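Generate coordinates for the entire structure from the input sequences, incorporating the hints supplied.
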Amino acid sequence: MNELKVKISGFGGQGIILSAYIVGKAASIYDGKNASMTQAYGPEARGGACSSQVVISSHEVDYPLVDTADALIALSQEGYDKFFPILKKDGILLYDSDLVTHLKSNTKVIPKPIPATRIAEELGKKIVANIVILGFATAQAKIATPEAMKKSIKESVPKKYVDLNLKAFQIGLEYKGN
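Residue numbers for the sequence shown follow numbering that gives the first Met the number 0, beginning at 0 and rising by one.
Do not rely on the hints blindly, as some may be mistaken.
Below, a list of computed lysine-lysine pairs in the DSS-like style, where the Cα atoms sit at most 25 Å apart [unchecked claim]: (1) LYS107 x LYS150; (2) LYS158 x LYS88; (3) LYS175 x LYS107; (4) LYS124 x LYS153.
Hints listed in this document are in silico derivations from the structure and should not be mistaken for laboratory results. Every value quoted in this text rests on a predicted model; they were computed, and no experiment measured them.
The structure is reproduced here in C-alpha cells:
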C-alpha cells in the first residue's frame with residue numbers, strides 16, 4: 000500500500016471523529032504506517048453534519064486532507080450526498096444501509112452496504128454502529144489489520160464498553176452481506 004485516503008461521514012453523536020481516531024491509531028501505532036487525521040463538524044454537537052478523514056501511508060503523509068477518497072464510509076444520507084463526489088472511480092463506498100437509502104445510479108464505485116445501525120441495535124447500543132462499520136471497512140477496504148483495530152478500539156473507548164465494541168467490530172469484520 001502506498002497511500003489510502005478514507006473519508007468518514009455522518010452526523011454528530013455517531014462517533015465519526017472517534018472512528019477516524021481509531022483508524023489512525025491502528026494504522027500508525029499498531030501497523031507501523033504513517034497516518035494523518037482531520038475532522039470537521041458544524042456548531043451543533045449532536046445531530047449536525049460531521050466528517051473526519053484519515054490518510055494512511057507507507058511513507059510520510061505530505062497532505063493531510065482527503066480531496067479524492069479511496070474509500071467513503073457513510074453513516075448518514077447527508078454525509079453520503081455531500082462526500083460521494085470525492086469518491087474516486089472504483090473507490091469503495093461502505094455505507095449504513097439503514098440510513099443511506101438513496102444512492103446515485105450508474106456510478107463507477109464499489110458499493111458495500113451493511114445494516115450497521117440495525118446490528119448495533121441488536122447488540123443493545125445504537126451508538127456502536129460506527130464500530131460495526133469499521134469492522135466491515137477493515138475487511139472490505141483493508142484500512143488496517145484486524146489486530147491493530149482491536150488494540151486501538153480497546154484503548155479508545157470507555158473501559159466499560161470495550162467488550163461491546165469488540166463484539167460490534169467482530170460482527171462487522173465477519174459480515175458478508177447479501
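message = So if I understand the rule, the pair passes when the alpha-carbon distance is 25 Å or less; does LYS158 with LYS88 pass?
response = violated (40 Å)
query = Holds or violated: are the alpha carbons of LYS175 and LYS107 at most 25 Å from each other?
reply = holds (21 Å)
query = Given the proposed pairing of LYS124 with LYS153, does the C-alpha separation stay at or below 25 Å?
reply = holds (17 Å)
ask   = Does the structure keep LYS107 and LYS150 at a Cα separation of 25 Å or less?
value = violated (34 Å)
In this structure, the earlier hints numbered 1, 2 are contradicted, and the remaining ones agree with it.
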